[in-house]
Amino acid sequence: WLKLCTGSKFGFARARLRLWGAHACLPHLIPASASGPMQRTIMRCCQTSDDYAALEVEPIGEKFEGEDNENADDRSIPSVIQFSAPLYLCSEADPQLKAQVVRLGAADGPASVRLRTKDASAKAGVKFVGLDIQVNFAPEETVKDVAVDLIQDSRWDATLEFEMLLSNAKGASLGLYLYSSRAKIIDDDKYPTNNYEDTLKGASLMREYVASMMIDPEVRRAALIHIGMDLIKGLYFFLTLYLQLYLIDVVLKNEAEDEPVGGEAESEGERELLNVVNNTVKMFARRLEEEEGEELSFLPHTLLIPGSRRKTTMVIAALYIVPFALVHMIDVWRTKLAIPYALHKHTRSSLLDRFLNYKESERSNISVGDMTMVMMRDTIEVCDMGFMKLLSVAGILIKLGFALIFIMAENRLVLAPLVCYPVVLGLFLVCRERLTVEVNEHRAEKENDVAQAVSETISNYRLIAD
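Yeah, the sequence shown ends on 466 if you go by the working numbering, and it's all consecutive.
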């Protein structure tokens, strides 16, 4: 059958053979017109003249029932277009990825095919420039070079890939398998960033990790929204400070002045002692004003609703409750940002993809226990106890900034301990950093050993049981 179907003087067609009784023939490529020895060969296959008479020959270009002919290939032409290889490799440092589209068989006429890229782990516009072009072959031309432009960036990634597809072939048919090909981009960046070639330690490692995460658009957007929510909560904290101060110093103070402080039973000595204390406080306040000048205060000295302390108190209560509902909604919306999920997904998938692209000799040097604990413990420590804690510190610093504004406006004497406390705490953390790191590393090594022992025990259960 191969000799019959490859004859150059006969046109190509597809034969559909019907079943007659117990005799069956599968579809094959046979010549459209057969005579002489060729006819005798077909009849030997069909065994009877009736079977031969039932032989139907239909051109390949027609679409059979249930057959997808979306690309509308002309399969009656003995020419095939496909990629030269199922996989192409390149480095991120290369300006372009080079691929080849080849035409096999007869090349005496023109041919064309559509070539387009399809995103996979590598995204068009991020790692490469997408293509959707028409590749044209001139007569007697059998090879076409195709170049896909790569996009350089400083972000660390695992080995990423995209797909190249051929379709809509004209003047030829598509290859059965190599109508598609994969392209892998080997990342050349350092983890977490390219600022350091050597191993990082301590704060510098955390700083570079945060910088690498902020390159990710999803993480950067969620982190900025998180900080904006902290800013709104800081404004609410600033508002509550002045509401409390206004309630005590203005609303309730005026009401207390309208009534006797000590009543008729108050002794003369107690009234004199109270006057001495009040005069001392006023003198000390005037002395501060003379030395430091007039202080800025955002606190009004009159009732919000003149002549009605009750209504003023109700307004203050509304200013407490209504913004509190907004702050509560902010806490709910913050959970939907899913920043820890995005961090875990990016970190774990990147590390696992890079591990899968290691050489076999390198993968064999990494134990199952180490890889398991990296995924289950170390990523949580870096994401939750590192990146997320930095966002919490940013929220605390925002609240501290509003507290400093309040203090500078009302009482500057409290500024000294408020500034000294973070300095003392920072020195304490620096002094105990080395010991903390050593203890955590020792604990992590022991946990890795336990995980490896459990893995080996499960794998070698039959040996242990025997």
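In case anyone wonders, no lab produced these hints; they're calculated from the structure. Keep in mind that this is a model prediction, so the values were computed, not measured. Treat the hints loosely; a few may be bogus.
Once the Cα atoms are required to be at most 27 angstroms apart in a straight line, the calculated DSS-like pairs of lysine-lysine come out as [unchecked claim]: (1) K345 x K399; (2) K190 x K389; (3) K389 x K233; (4) K336 x K233; (5) K336 x K184; (6) K98 x K184; (7) K170 x K98; (8) K336 x K253; (9) K144 x K184.
So, going through the hints one by one against the coordinates:
Using a Cα cut-off of 27 angstroms, the hinted pair K345 and K399 is violated, with the two alpha carbons roughly 31 angstroms apart. Simply put, K190 and K389 have alpha-carbon atoms about 24 angstroms apart, close enough for the 27 angstroms limit, and the pair holds. A hinted pair counts as satisfied when its Cα atoms are at most 27 angstroms apart, and K389 with K233 qualifies at roughly 17 angstroms. Of the pairs offered as hints, the one joining K336 and K233 holds, with about 17 angstroms between alpha carbons and a cut-off of 27 angstroms not exceeded.
Between K336 and K184, the direct Cα distance comes to roughly 34 angstroms. Violation of the 27 angstroms bound is thereby established for this hinted pair. Taking the CA atoms of K98 and K184, the gap is about 11 angstroms. The hint holds against a cut of 27 angstroms. The suggested pairing of K170 with K98 holds, with an alpha-carbon distance near 23 angstroms, which does not exceed 27 angstroms. For the hint linking K336 to K253, the alpha-carbon distance of about 44 angstroms lies beyond 27 angstroms, and the restraint is violated.
A threshold of 27 angstroms between alpha carbons decides the hint, and for K144 with K184 the separation of about 20 angstroms falls inside it, so the pair holds.
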